[in-house]
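Engineer: Work out the full structure, taking the sequences as your base and the hints as a guide.
There are 2 protein chains.
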Amino acid sequence: MALIVHKYGGTSMGSVERIKNVAKRVAKWHKAGHKMVVVPSAMSGETNRLLGLARDLKADPDPRELDMIASTGEQVSVGLLAIALHAEGLEAVSYAGWQVPIRTDSAFTKARISEIDGERVLKELDAGKVVVITGFQGVDPEGHIATLGRGGSDTSAVAIAAALEADECLIYTDVDGVYTTDPRVVEEARRLDRVTFEEMLEMASLGSKVLQIRSVEFAGKYQVKTRVLSSLTDPLMPLADEMHSGTLITFEEDENMEKAVISGIAFQRDEARIAVMGVPDKPGVAYQILGPVADANIDIDMIIQNQSVNGKTDFTFTVGRGDYQRALEILNNQVKGHVQAETVLGDPKVSKVSVVGVGMRSHVGIASTMFRTLSEEGINIQMISTSEIKISVLIDEKYTELAVRALHKAFELDRG
Amino acid sequence: MALIVHKYGGTSMGSVERIKNVAKRVAKWHKAGHKMVVVPSAMSGETNRLLGLARDLKADPDPRELDMIASTGEQVSVGLLAIALHAEGLEAVSYAGWQVPIRTDSAFTKARISEIDGERVLKELDAGKVVVITGFQGVDPEGHIATLGRGGSDTSAVAIAAALEADECLIYTDVDGVYTTDPRVVEEARRLDRVTFEEMLEMASLGSKVLQIRSVEFAGKYQVKTRVLSSLTDPLMPLADEMHSGTLITFEEDENMEKAVISGIAFQRDEARIAVMGVPDKPGVAYQILGPVADANIDIDMIIQNQSVNGKTDFTFTVGRGDYQRALEILNNQVKGHVQAETVLGDPKVSKVSVVGVGMRSHVGIASTMFRTLSEEGINIQMISTSEIKISVLIDEKYTELAVRALHKAFELDRG
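Listed in order, the protein sequences are those of chains F and U. Just so you know, the working numbering puts 117 at position 117 of the first sequence, and the rest follows in order with no gaps. Just so you know, the working numbering puts 184 at position 184 of the second sequence, and the rest follows in order with no gaps.
Just so you know, the hints here were simulated from the structure itself, not pulled from any lab data. As the structure is a prediction and not an experimental result, all values here were calculated from the model. Be a bit skeptical, because a hint or two may be false.
Since copy identity is lost for identical chains, a pair holds within one copy or between any two.
Lysine to any residue pairs mimicking SDA-like chemistry, simulated, CA-CA at most 25 Å apart [claimed, not checked]:
#	residue 1	residue 2
1	K20	A59
2	K31	R64
3	K123	R103
4	K110	R405
5	K129	L51
6	K398	I300
7	K336	Q288
8	K58	A32
9	K129	A107
10	K123	I304
11	K123	D176
12	K123	D193
13	K123	G143
14	K409	I384
15	K123	D140
16	K225	I381
17	K129	P63
18	K409	I298
19	K398	L328
20	K58	R18
21	K409	E397
22	K129	S385
23	K20	R49
24	K58	G128
25	K31	I303
26	K58	E46
Structural biologist: In structure tokens:
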């Protein structure tokens, strides 16, 4: 008998019929002898409807009050799901985040979980009940409701699984797992049976938006076995099949498994590249260039500084395409003269393509295979950035699909 | 500077425009120097929508889960109203019942308030904030959300006013006060400037459904000056006018006021009369007759037992018309033989008409005026029941309007 956490997204909770299906699925797991905790999102559309009302009253509503309003969507969901579970003949009880309690900081609309007290939930589980807990929210040190921001229910589910030392956290969603790359770009993309949380972290931050990145961080930090799987399957499918479907995110590298060197090809369109050229290389110059951009709330992604030549150096970095014009203006008006740069250049149409895999650590030649493959396709590499388990390159956006397909094939990801 | 509690019903909160009007009205009071607490209901229709979803999942949903769901309507309202108050340039903060906390028992869907801790709210008021508190709900000893049942926001507002020792509790609603009788029946019905809480209690329980009866009980028990007034007036009307509009429910009889003997004529249609005739008069017989009816969850209203003659007596009582057939069946099948009654009779088409007034205590002749008036109209009295401040009679339903009009005139209620 295991302790299992299920998380269901807003689409899975979107109607009375779908809520009944969720209840049937949970009942199946419970009847197989597992202790069940379920974390449902708000019914799809509900949170947007409520926040829309708030914005009709005031253009910039107070975040603390927004959280008071937005948190109700999940509260309705847990009550409804508990009732649907009763209709399946189970004992079930719902809890709001503050009732567990799930403690957070006071950063309303983007709070972080600080602590979860699992005692009350464990007591209910021991009494044979299914416990349904609101995702997306907790309670701050002053007793105010604080939400975790969009996608926060993933994080709630993993954090609850960690606090309860659950055997597995199953994230039911409208895709059936994590793929070697986007199946809309590469037809041969394969679903991965497992990825490590580090790979998932790189995949998530690089644009494979299956899971909210903070939930992956939590899974890694607290070593929570997390599985991403489809909520669109028959809720009464055999448990043995369901238990091995989707993609398992593991916190350990499986020694017995014939591990592919590369797990996937991630990519991020809508990037823009900016270069500040011929800057006298003095201590503090990086901050002088990037500080004003960051102060304008512009996210900076890749950053490269060349070896200086004759005391001068070049800074190149990427921003989201929507921030490109604003970043250029800041650099030209506030930074260029100040740091005595020769010129500021940019390209608003670039993509980032990355190969990701923990196998990279023990294999040589990954970078050269990547660069050769792109070269053979005639794709110019504009920037390179590497971490322990990924290599990212910046290329002209029009070559994105070509690059992803070529790399997918070169690393034999279609072969499994 | 006074401490004032405002309560707004679901219609007043029914749209973004109406919420803005509520905020304008509250802002006017706040700017006049008053400390303001506001208790809004859920947006009209919202609670029904949510409970409908629950009933689609299960015919008899768990009350504890219903409260989890239903309480969110008010939580949305407090957040929205706080934001609307911010838009008016005020500092405002919302609180859910559990955050105050408003403590209740565990009778989910019909809980009773046991205690309100006003410390946190008073601190916010001292800091110059408007405090917006969810009506209709509180938290039980185990930390579960419990709602007070329909109309519970009136009770919340009065109870909060009592806990904070507020100077006045203003209940804004879609009528502009308490009338001498229903204006739809008697054109000359007048709005009362004030009624005592005891009169209001009799009026409310007798069918003048302006305020939830428990809120009136609270107002009396804790001596809360409560005013019922219209939310349909211009929110920016002069404060001096608004402060004296509507009907004030006082806990004291005003000595200086030329008090009418009778305050109003209340009536309740849809009653049914049942008589159990010729019952041997033994100890316990009342319970043997009424027990099985009450056990079937049928509310019994007026009860009369005649003086016994030759060791036999008659029991007469009234029930709601919807329960008439069921009550008759119970009496004929379970009770009649058991208590050896001679016969069970009934009339499903009767009304109760009552004259109510604290002045009755010190005036004689009220009953005779009432009976003479009805007699002059040719209306037969089927039952009579009296309390210290009211006299109720049961009559054939078809005479309801005639009786109410005649009594309204006989007691000169049209003259003020």
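Engineer: For every hint, state whether the structure bears it out.
Structural biologist: Here is how each hint holds up against the structure:
1. For the identical chains of this complex, K20 and A59 are inter-copy neighbours only, at 14 Å across copies versus 37 Å inside a copy, given an alpha-carbon limit of 25 Å.
2. For the homomeric pair K31 and R64, the shortest alpha-carbon distance between copies (24 Å) is at most 25 Å, but the shortest distance inside one copy (41 Å) is not.
3. Both within a single protomer and between protomers do K123 and R103 lie at most 25 Å apart by alpha-carbon distance, with minima of 19 Å and 23 Å respectively.
4. Taking the closest pair of Cα atoms, K110 and R405 never come within 25 Å of each other, the shortest separation being 36 Å inside a single copy and 63 Å across copies.
5. Taking identical chains as interchangeable, the C-alpha atoms of K129 and L51 lie at most 25 Å apart only when they sit on different chains, with a minimum of 23 Å there against 33 Å within one chain.
6. Taking CA atoms no more than 25 Å apart as the test, K398 paired with I300 passes inside one copy only; the shortest distance there is 22 Å, against 80 Å between copies.
7. When the C-alpha separation of K336 and Q288 is checked against a cutoff of 25 Å, the pair qualifies only within one copy, where the shortest distance is 10 Å, while the shortest distance between copies is 96 Å.
8. Within a single copy, K58 and A32 get their C-alpha atoms only as close as 50 Å, which misses the 25 Å cut-off; across copies the closest is 23 Å, which meets it.
9. In the homo-oligomer, the alpha carbons of K129 and A107 lie at most 25 Å apart only across protomers (21 Å), although the nearest pairing inside one protomer, at 33 Å, exceeds that limit.
10. In the homo-oligomer, the alpha carbons of K123 and I304 never lie at most 25 Å apart, since the shortest distance is 53 Å inside one protomer and 52 Å across protomers.
11. Taking the shortest alpha-carbon separations for K123 and D176, neither the intra-copy value of 33 Å nor the inter-copy value of 51 Å comes in at or below 25 Å.
12. Neither within a single protomer nor between protomers do K123 and D193 lie at most 25 Å apart by alpha-carbon distance, with minima of 34 Å and 56 Å respectively.
13. For the identical chains of this complex, K123 and G143 are neighbours both inside a copy (23 Å) and across copies (15 Å), given an alpha-carbon limit of 25 Å.
14. Within a single copy, K409 and I384 get their C-alpha atoms as close as 21 Å, which meets the 25 Å cut-off; across copies the closest is 94 Å, which misses it.
15. Proximity of K123 and D140 under a CA criterion of 25 Å is satisfied in both settings, with 23 Å inside one chain copy and 18 Å between copies.
16. Taking identical chains as interchangeable, the C-alpha atoms of K225 and I381 are never at most 25 Å apart, the minima being 37 Å within one chain and 77 Å between chains.
17. In this homomeric assembly, K129 and P63 come within 25 Å of each other (Cα to Cα) only across copies, at 17 Å, whereas the closest approach inside a single copy is 35 Å.
18. In this homomeric assembly, K409 and I298 never come within 25 Å of each other (Cα to Cα): the closest approach is 35 Å inside a single copy and 76 Å across copies.
19. In this assembly of identical chains, the alpha carbons of K398 and L328 lie at most 25 Å apart only when taken from the same copy (22 Å versus 83 Å across copies).
20. Taking identical chains as interchangeable, the C-alpha atoms of K58 and R18 lie at most 25 Å apart only when they sit on different chains, with a minimum of 14 Å there against 34 Å within one chain.
21. Taking identical chains as interchangeable, the C-alpha atoms of K409 and E397 lie at most 25 Å apart only when both belong to the same chain, with a minimum of 20 Å there against 87 Å between chains.
22. In this homomeric assembly, K129 and S385 never come within 25 Å of each other (Cα to Cα): the closest approach is 50 Å inside a single copy and 51 Å across copies.
23. Proximity of K20 to R49 under the C-alpha cut-off of 25 Å is found in both arrangements, the shortest distances being 23 Å within a copy and 18 Å between copies.
24. Proximity of K58 and G128 under a CA criterion of 25 Å is satisfied inter-copy only: 21 Å between copies versus 46 Å inside one chain copy.
25. In this homomeric assembly, K31 and I303 never come within 25 Å of each other (Cα to Cα): the closest approach is 53 Å inside a single copy and 53 Å across copies.
26. Within a single copy, K58 and E46 get their C-alpha atoms as close as 19 Å, and across copies as close as 22 Å, so both meet the 25 Å cut-off.
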